[in-house]
Amino acid sequence: MKKYLALGLVALLLVVNTAGCWNRREIETLGFVSLIGIDRSQGEEAYRVTFQIAKPAQLAPGGAGIGAGGAGGGAGEAPFAAWTMSISGKTVFDAVEKTREFSPRRVFFSHTRAVIIGEDLAREGIGPVLDFISREPELRRTIWVLVAKGSASEVLTARMHLERLPGEGISSIMDQVQRACTAPVVRFSDFLQCLISPTTQAIAPVIDFKSEWEREGRVGADGGTGGTGSPGSGGQDSQPPVDVRVTGAAAFRGDRLAGWFSPHEARGILWVQGKVRGGVLTTSFPAAGVQAGGGQSGDSAAGQNTITFRIIRARSQVKAELEKGKPVITVRVDEEGCICEVTTSENVVTFDLIPRLEKLKARAIENEMRRAIDKAQRLGVDVFGFGEAVFRAFPREWEKGLKKDWPRLFPKLEVKLAVDAKIRRTGMQAVPVPSQIMKEKVR
Amino acid sequence: MSWLRDLMVRMKYEGVRQGKTRTAREVYRDAGELQGEIEDWVRTAENEREKDLLWRLHQIPVLKNLGANLTAIKNLLGNSGDLDIRTFVVGARNPVRCALVFVEGMSDKHVIRESILKPLMHLGRQEEPSRGFSSATAFEVIRDFSLSAGDVEEVRDIREVLNSVLSGDSALFVEGEPRAMIVASKGFKHRSITEPDTETIIRGPREAFVEAIRVNTSLTRRRLKTHNLRVDEIKVGYLSETKVAVLYVKGLAQEDLVREVKDRLGRIQTDTILDSGYLEDYIEDHPFSPFPQVQNTERPDKVAAALAEGRVAILADGSPFALIVPTTFHMFLQAPEDYYERPHIAVLLRSIRWFSLVLALVFPSFYVAATTFHQEMIPTSLALSIAAGRQGVPFPAVVEALTMEVLFEILREAGVRLPRMIGNAISIVGALVLGQAAVAAGIVSPIMVIVVGVTAIASFVVPAFSAAISVRILRFPMMVFAASLGLYGVMWFSLLIMIHLVSMRSFGVAYLSPMAPLQVGNLKDFYVRVPWWAMYTRPKPFGRRDPKRAELRQKPGPPTERP
Amino acid sequence: MQGEKINGRQAFLLLSTTIVATLILFIPSLAVAQGDRDTWLGTLLAATVGLVVVGVVALLAARFPDRNLFGVSEKALGRIITRGLVAPLYFLFFFYIAAAVLRELGDVLTASLMPETPLLAFVFMTSILVALAVLGGLEVVARLNEIVFLILVTAPAFILLLLLKEVQFENLLPALAGGFTPVIRAAVPQVGFFGEVVVLAFIIPQLEKPRQAGAIGAGAVAFSALMMVATIVWLVGIFGVQQVGAFLLPTLTLGRQVLVAGFLTGLDPLVVAVWVAGVTVKASVFFYVALLVVVQGFGLREYRPLVFPATLLLVALSILQFASTFEFSEFVLKTFPFWGLTMELVLPVVILLVAVLRGQRGEEG
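Residue numbers (our numbering), protein chains in the order written: chain A, 605 to 1047; chain B, 9 to 571; chain C, 266 to 630.
Hints were generated in silico from the structure; no laboratory data involved.
Since we're looking at a predicted model, the values are computed, not measured.
Among the hints, a few may not be true.
Quick list of in silico lysine to any residue cross-link-like pairs, SDA-like style, CA-CA up to 20 Å [unchecked claim]: (1) 607/A <-> 294/B; (2) 82/B <-> 101/B; (3) 879/A <-> 431/C; (4) 607/A <-> 571/C; (5) 607/A <-> 105/B; (6) 607/A <-> 296/B.
Generate coordinates for the entire structure from the input sequences, incorporating the hints supplied.
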């Protein structure tokens, strides 16, 4: 009896194993999508989705692996190892399904790095698109979200230097941007969290071509951008590489694009959020010497008399108070940095002048924050989370009335800034070199 | 009707034993007839077992007549070429005829010559022994006064004579005595004590057991000179009559354990025991489990250590491998180095061993599962490399994996059989070249070669060959499950193995202790090896009778710090 | 049952796994949907209720160290009521839970990792393991758990550690913004799970030291509460309250957020693998207790012959229980708390009360 039971069990197990494997997919049948771009399109097929799929054969280390080495590519640049295709569909998922009609590989999203949203789609509203991203098990919530100036598919068809796979390229850029802090770095989970939040508005970094020339140059080589589902952009391999850059921020009101923030304004937002981790502040030092004339960040006259600071770390604290029933926000920023470039003709890097320099820096930071807050208030988007801060500090008052009135209150909100900047190091050179050179000649 | 036969034979016995004088012819005839009867019965017995029993049950007495005895022996051994019978006369005044029976090659000629024949011949030439040497007292005189051999025993049954003679001892018959003297003279050639082949170490003793059980017991005794070390012997196998020794330390090993071991050994009914491995099959708790439950070793120091813990060792004559029971799983991952070197290296090595064990078992399956079901687990660039490598490979990942693993097992087995000269060359170079060639031909992907290589190397790390075997076997079904149900399949199979391991017991001890059930006190030798000065208790299940092994507070240090 | 004993530590680990295995699987999002920021307080509340159950069990163990709940009921309520009413009720309860646990595992796997595989495959395969474990007896299950527990705890701890940087604890403030109502609403789905510690009452005679039952149960509830609170805090801290409520598999999503050294991502299959082990143990425990109840109810001596047919029933029940994941969620949210509380708290209290009022005591084990 026991024997038959055992045999039966083995037979069943065999059945499961041999007839099974329902979910099997051989790795080489997958099309690894490294980037997704979503645009708005005309007509019934409202969404145009662009996928960038990696071409493994050209990515194999050790040359092209099997077979003869060297697959095309000119002038020492690595061959472009991705295939970009655009599809239009009624919904995003519809477009995904349509790829089955012509793609030899099944699109696979687990290694997708970023989703790029086209400008027109952003203006119309991105809510419908986000459901797919959230629901699809293959897509992770750690992917970057970016907004493209113009169309996402254009940006996706750009071919980048150095990296063979744009997904990696953009990922690397995002890592760098996190340091440079001229654009926010937003993951999908954070993006969604802001969108869902009742008061806070979402921001996303902007991706664009480095210059119009690049856009032109690229557009010319673009083959076929029909709106009916034909795959676009052949001939990508022969394009010269173009540069895209990620800088500045796009702010949303609800799920619609509300406005653009320049790089410095974007950093202003980051200052308030306490997410600045690096980056550079350039201030001009008044030539006449000792007056602390208030630094202006961003402009300097032909690189003269400037002091450039590098930001090492910064923290921020947002406090909400109620004055006569009206909320007042205080933002306090603590920053530490070091001097990394000085072009003044006098040696201003002395022990006594350090506090002055620090104040210079603080003012520059304040400036950035103020510009960001002003713009946000003009646009009426609370990208900073001030609403949340008020809610946390005064939950009762919030419930009672402030919550309803917030859209009205925010643009007129009084925001006090308090910045404490410190200078810790000066690099390998104590005295500014230009100041040394002058002195020599006088003698 | 057999009882009648029985009765008849017994009556015949009696007649012969009462020593009624008969003619030599009659006696011869009687002996022959007796032999015939027994041979009849042996022939008509239904199987070997019955024959064995018959052989065991019936007596064949030593007769008084020397000639009859010798004839009986010659008949029973069938005129073997190596049987030597030396008849001589002892005593000058009252000569007594004697005969010495021994097997050439099994017995030590020197002992026979110097310790048996010489003194007896000498005795014969003496005018002395005033002890009253006559045919009546010859036996006692010889036994007590003349023989200079070591061990002398008296027997009355020809079967015992044969057993001893066939083991290398000599049998001395004296005319007119219904008993024979067995004189110890074992001197067969055996392998000398060399280094162990299967358990080489860098530091520590290098003696290994040989095939002769007497040498082996001596090797053990040298290490445990306590009078409590017991060597209990039994004979197993009716054709081989293999001496099997059960070693334990009385007062330390649990009585139940020893009894159980002897019990299981005693129940073995077979014809030959040619190696301790045979015994292992008979005494295991779970014969169908892929995991070994009995430890085997070539090293006497390992045996001694085990005995000191309260475990029991089994030695089989003819086998250089001793068995140790009870065994738990983690013992298969211990190596002697762990104990002879400082404790720090033990941690590192044991980590490597445990990790390798898991690796050898799981890695190919993991690869198959990850690349076939869960590509999201693989870092992107690696995933792309794998995909690139697999372009053009016609088989699914499973088939690739299975093929390569099977191929490797073939290579390995072949490597074992090859003569040493060619063996090394083929194993390393061959494997790599084969792998490369396969990749170039597009049959396998490059990463598969890596996987198989790593797995193979990892499987060599396990010190105990018997445990490594189980891993090698279990790899294959796991791959099948990985191929059909991905990581869930791998986990499922692992759980299956775990459930199996957890329900096993080896001679009453849970197979996975001290891990599960968790016995904190025993953990000091499980993963880390606590320094010797901290190991002052014995592992619990075995050593319960005398838990304290060493004194506390023996931690060494500079003179002022010592407690 | 058959003279097998498990020691205190094994029991503690076993109970912990039993409660935790499915508790942190998808209850967090259900709870957060109800309780918002203060869900973790709801956990504490539910755990307190669990401790009440533990108290009842401890009292039972103190008075009747040689009997399990069933035995006490026989003494207190009489054989007829026990065999006719109590036994079937508990059998149904535990069996249903065992099947639900298997179902949950299958749902998780088909939802996240392997969507095309039929549910039956997972349920069937896991049930084989459950059957084998239960055939081995409580000792085997406990020993298996000693290994499983280690992995079950290390993996989430590891993930939580790696995600520590991303947790914004401010997301949990302000506390009690909505008053106590959300706390209670969040506690409701969790209460049934913490009360599962009641299985302890059925294995009292199999503990080495029955008097330890209280400590064991309390420890298990505390540990589970800790794991649950940590999970909830992490979830809300990383994703924000609104998102979490919408997740299907919160812990899995948590696992996916992990990004180590820029390349190690997508650890969720590992998380799932660990779960399989935990769920197997939990299902084994409930299956075992269910069979125990049957055997004692019918006055049989051995439960092992029942394992094979019962397993078939288990598989069938798993598939048929719920038509979709929605039904399952509805069950967990609306039905289970009440059913659970009745069986886990109300009934044992009644039995205990009757026994006390009748002045009964058990014999020392």
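Hints, one by one, checked against the model:
Taking the CA atoms of residue 607/A and residue 294/B, the gap is near 16 Å; set against the 20 Å cutoff, the hint holds. Under the criterion of a C-alpha separation no larger than 20 Å, the hint pairing residue 82/B with residue 101/B is inconsistent with the structure, at around 30 Å. Distance check on the hinted pair: residue 879/A and residue 431/C sit about 12 Å apart at the alpha-carbon level, within 20 Å; holds. Using a Cα cut-off of 20 Å, the hinted pair residue 607/A and residue 571/C holds, with the two alpha carbons roughly 17 Å apart.
Proposed proximity of residue 607/A and residue 105/B is contradicted: the alpha carbons are some 66 Å apart, above 20 Å. About 13 Å separates the Cα atoms of residue 607/A and residue 296/B, which keeps this hinted pair within 20 Å; it holds.
The structure fails to meet hints 2, 5 from the earlier list, while all remaining hints are met.
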